[in-house]
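**Student:** Just so you know, the sequences run in chain order D and Y.
Take the first sequence: its letters are residues 74 to 393, numbered as in the working numbering.
Take the second sequence: its letters are residues 0 to 371, numbered as in the working numbering.
Where hints are given, some of them may not hold.
Simulated crosslink set (DSS-like; lysine-lysine; CA at most 30 angstroms straight-line) [as the list claims (entries may be wrong)]:
(1) D:Lys295 to Y:Lys94
(2) Y:Lys24 to D:Lys295
(3) D:Lys295 to Y:Lys228
(4) D:Lys295 to D:Lys217
(5) D:Lys217 to D:Lys294
(6) Y:Lys18 to Y:Lys94
(7) D:Lys294 to Y:Lys94
(8) D:Lys217 to Y:Lys94
(9) D:Lys294 to Y:Lys18
(10) Y:Lys94 to D:Lys297
(11) Y:Lys24 to D:Lys294
(12) D:Lys297 to D:Lys217
(13) Y:Lys18 to D:Lys217
(14) D:Lys217 to Y:Lys24
(15) Y:Lys18 to Y:Lys228
Negatives, chain D to chain Y, calculated, CB over 12 angstroms [stated by the list, open to error]:
(16) Leu187
(17) Leu271
(18) Gly292
Hints listed in this document are in silico derivations from the structure and should not be mistaken for laboratory results.
Just so it is clear, CB atoms sit at the ideal spot from N, CA and C, and this is done for glycine as well.
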Amino acid sequence: MTTISGKKREKIDRLAELAGRDDERGVSLWQEAFRRLRRNPAAIVGAVILGLFLLVAIVGPFLVPHPADAQLWKGEIRDNIGYFPGPRAENWFGVDHIGRDEFSRMIIGARQTLLVGIVSTLIGLAVGSLLGGVAGAAAGLGGKWGRALDNVIMRFVDMLLAMPSLLLAISIAALLGSGLTTVMIAVGVVSVPVFARLLRGSMISQANSDYVLAATSLGVKKPKIALTHVVPNSLAPVIVQATLTLATAIIEAAALSFLGLGNNDASIPEWGVMLADAQRYLDAAPRLAVLPALAIIVTALGFTLLGEAMREALDPKLRK
Amino acid sequence: MTEEAGTESDILVEVRDLKVHFPIKRGILLDRVVGHVKAVDGVDLSIPRGKTYGLVGESGCGKSTLGRALLQLTPPTGGEVRFDGVELTTLPAGKLRTMRRRMQMIFQDPMSSLDPRQNIESILVEGLQTHGIGTDRDDRRRIIGETLDAVGLPRWALSRYPHEFSGGQRQRIGIARALVLGPELIVADEPVSALDVSIQAQVVNLLEELQDNLGLTYLFIAHDLAVVKHISDVVGVMYLGALVEEAPSDRLYSEPLHPYTRALMSAVPVPDPDVEDRRERILLAGDLPSPANPPAGCRFHTRCPWAQPTRCADERPALRDIGGSRVACHFAERIASGELRPHKVSVQIVRPEGEGGAPAVVSAPTEPGSYV
Numbered sequence: 074m075t076t077i078s079g080k081k082r083e084k085i086d087r088l089a090e091l092a093g094r095d096d097e098r099g100v101s102l103w104q105e106a107f108r109r110l111r112r113n114p115a116a117i118v119g120a121v122i123l124g125l126f127l128l129v130a131i132v133g134p135f136l137v138p139h140p141a142d143a144q145l146w147k148g149e150i151r152d153n154i155g156y157f158p159g160p161r162a163e164n165w166f167g168v169d170h171i172g173r174d175e176f177s178r179m180i181i182g183a184r185q186t187l188l189v190g191i192v193s194t195l196i197g198l199a200v201g202s203l204l205g206g207v208a209g210a211a212a213g214l215g216g217k218w219g220r221a222l223d224n225v226i227m228r229f230v231d232m233l234l235a236m237p238s239l240l241l242a243i244s245i246a247a248l249l250g251s252g253l254t255t256v257m258i259a260v261g262v263v264s265v266p267v268f269a270r271l272l273r274g275s276m277i278s279q280a281n282s283d284y285v286l287a288a289t290s291l292g293v294k295k296p297k298i299a300l301t302h303v304v305p306n307s308l309a310p311v312i313v314q315a316t317l318t319l320a321t322a323i324i325e326a327a328a329l330s331f332l333g334l335g336n337n338d339a340s341i342p343e344w345g346v347m348l349a350d351a352q353r354y355l356d357a358a359p360r361l362a363v364l365p366a367l368a369i370i371v372t373a374l375g376f377t378l379l380g381e382a383m384r385e386a387l388d389p390k391l392r393k
Numbered sequence: 000m001t002e003e004a005g006t007e008s009d010i011l012v013e014v015r016d017l018k019v020h021f022p023i024k025r026g027i028l029l030d031r032v033v034g035h036v037k038a039v040d041g042v043d044l045s046i047p048r049g050k051t052y053g054l055v056g057e058s059g060c061g062k063s064t065l066g067r068a069l070l071q072l073t074p075p076t077g078g079e080v081r082f083d084g085v086e087l088t089t090l091p092a093g094k095l096r097t098m099r100r101r102m103q104m105i106f107q108d109p110m111s112s113l114d115p116r117q118n119i120e121s122i123l124v125e126g127l128q129t130h131g132i133g134t135d136r137d138d139r140r141r142i143i144g145e146t147l148d149a150v151g152l153p154r155w156a157l158s159r160y161p162h163e164f165s166g167g168q169r170q171r172i173g174i175a176r177a178l179v180l181g182p183e184l185i186v187a188d189e190p191v192s193a194l195d196v197s198i199q200a201q202v203v204n205l206l207e208e209l210q211d212n213l214g215l216t217y218l219f220i221a222h223d224l225a226v227v228k229h230i231s232d233v234v235g236v237m238y239l240g241a242l243v244e245e246a247p248s249d250r251l252y253s254e255p256l257h258p259y260t261r262a263l264m265s266a267v268p269v270p271d272p273d274v275e276d277r278r279e280r281i282l283l284a285g286d287l288p289s290p291a292n293p294p295a296g297c298r299f300h301t302r303c304p305w306a307q308p309t310r311c312a313d314e315r316p317a318l319r320d321i322g323g324s325r326v327a328c329h330f331a332e333r334i335a336s337g338e339l340r341p342h343k344v345s346v347q348i349v350r351p352e353g354e355g356g357a358p359a360v361v362s363a364p365t366e367p368g369s370y371v
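Chain D extracted, bound-state conformation (with noise of 0.2 angstroms):
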C-alpha cells in the first residue's frame, strides 16, 4: 500500500511535471484507510499486540531458555501432593506437570498458533475466495448462465455453512487423523463459507454500480471488468474478515487441539494442548491452564482490535 514501485513513481513525476505542481499528488482509498488506521487507538494496541506475538513466534524459539520437552525438573514434582514447582529464576512461569519449562513450552506454542492461525486462514480465503469470486462474477456479469454457476457454487458452500463448524473439524479430523496439518484444513474448511459468500454479495452489489455500468457502456470485456474494477472494490470487506478470521481460527485450533485432535507430538508444544494437560491440576495450579488461556485471547484480541480498525477504515460509514 505505501511502497511505489519504480515505473509508477516515474509515471506519478512526469504527470506533476505536466501539471508543475509537484506537491499535487492524488490520495488513493488506500491511502486513506492507512492514515485513518493510523489514527485509531485501537488500530495501535491491536498492531503492538501482534508486534510482540510475531516477534516471539519468529525470533523466540531461537533464544528459549531450555529445550521444550525435557522433562528437567521431574525429580522436583509432587503429584501426590500437588506440588509443581512454581514461578522461579530459573523458570519463569514455573514447571508443568511432567517437569518442562513452562516459559520455554509458551514462546515455542507462540509459533505453532501462529503457523496454524495463518495457514489455516489462508486456506480458507484461499478456497473461499476462489469459490466466492467466480460465483460473484458469475452472478455479478454472467447474465443467465452466470446465475446457474453461481446457484450451483453457493448450494455447496451452504453445505459446507449448515454443517457446524466444530463438528465439521471433528469429521476432517477423524478422516485424516489428528495432527497440525488436519487442524490447519479443518480450521482453514469451516472458514470456507464465510470468505465465499462475503466476496460474492460483495462482488454482485459492486457488479450492480454504475461505475461497472459506465465501464461497459466503455466497451470494456467483462472479464476485465470483474478484475480491474469489480474484485478489488470487493475487497476491503474480505482482507477484514481475513483478520478477523485469523482470532478465531486461533481459538479453534486450541479448541481442537484441547479435544485432542490436534498436534500429538509432545516435543512441539501447542497453547491448546499445554490448556488441555493443565486442566487436571486446575486446582494446584492453576497458572498451567490461565497462562496458556491468557495467550490465546490476547492473540486473539489484537488481531480483533486490528480487524475491527480495519473495517472501521476502510469503510468509515460503518462507524458506530
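Let chain D serve as the given structure and place chain Y on it in line with the hints.
**Tutor:** Quick look at chain Y alone, frame taken from chain D:
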C-alpha cells in the same frame, strides 16, 4: 445547435417500438416468472444528428431504462434501435463493443459512476485502451490532456482520485470519460439532477458548448422541465413506459396538448407572483400506477382529468401528428379547443393481480382546475 432541417438521412438514432420488460421472479430454488415490469413499453422516437432530444417524465416512468436500452446496456425485450443505419439489437457482442466508441453515456450520480479506486488518468485511459485509440502512452496522454481542457479540468487532476473532487468536477470527469472516445451520440441520464443549482448551469452550458464544437447528438434525460427546455430541440414526454407527447421544445412548453403534459407544465412555477397566483394548476390525483400492471387502454386514463368514458379505458391511443406535435391522446383536439372540460378524478388503488381484494376507491381531495 445547428439550424439545418432534420431530413431522413440526418437521423442518427431511430427507435422503433422499443420494449424493455423485466421479469418478476418468485421461488426459492427454481425461479418462476410471475409477471413483468413493463419499464419501457413500445416507444418510437428518432433523434436527428447534431440535435438534442429531451426526455422528461416523473420518477419510474422508464426514461432511464429507455436510455440504457438504447445503448444496449439493458437488453431490450423487443423493438429496434438503429444507430446511423446499423441495427443494434441484433448486433454481435464484439461489433457492439466496437460501436460503443460512437455512443457514450453520462450518469446521474458522478460519484457512483466513477470507480473510487481509479485515478483520473486511469479512468480516462481505459476507454482509449479498449478501443486502441492513440499510438502510444504519450499520444494517449495528449488526447486525455485535450479532453481535460475541453471539459475545463486542470491537468493536475490526472493523478487524483474521484473522492478528491467536488460534485461538479466529478461530473466533468464523467463527461470527459464519455468524450475522450470521440462519440457522436451521448445519452445523458439526468446529468445535472445530483448537482447544486449553481453547478447545474455550468454543466448544462458545458454540454451545449461541447455540442456546438463537436457536433454531438444528445439524448438528454431529466425531470427538470426548465433544464430540458433550455437544452433541447425536441422534447418527448414519457408516462408509464411510453411517449405521450413529442414536440419541438418551444411548442411543447407554449402549447402542451396531452393532458399529462398540461399537468406537468402547470407544475412549473412562474417567476411572476401575479401570474403565479392566477394561473391554472392541474394537480394529478394518485400515484403513478405500477408498471407491472399498467391500466388498460390509455395508460393515463386513471389520473386524467379529461378522461372520457369507455374509449380512454378501452383503446390505447397511438401517437398522432397534430400541428407539428405528436400526441397520444384520443381527445387532444377537443381538449385544446376547450370543448372538453376537466372533471374530478377519484383515486383508484390498482393492486397487482392476486394480491388482496377488489380495487378500492379512497378519497381524492383534488378538484382539477381549482385554484390552490
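**Student:** Hint by hint, which ones does the structure fall short of?
**Tutor:** Hints 3 and 18 are the ones this structure does not satisfy, whereas the remaining hints hold.
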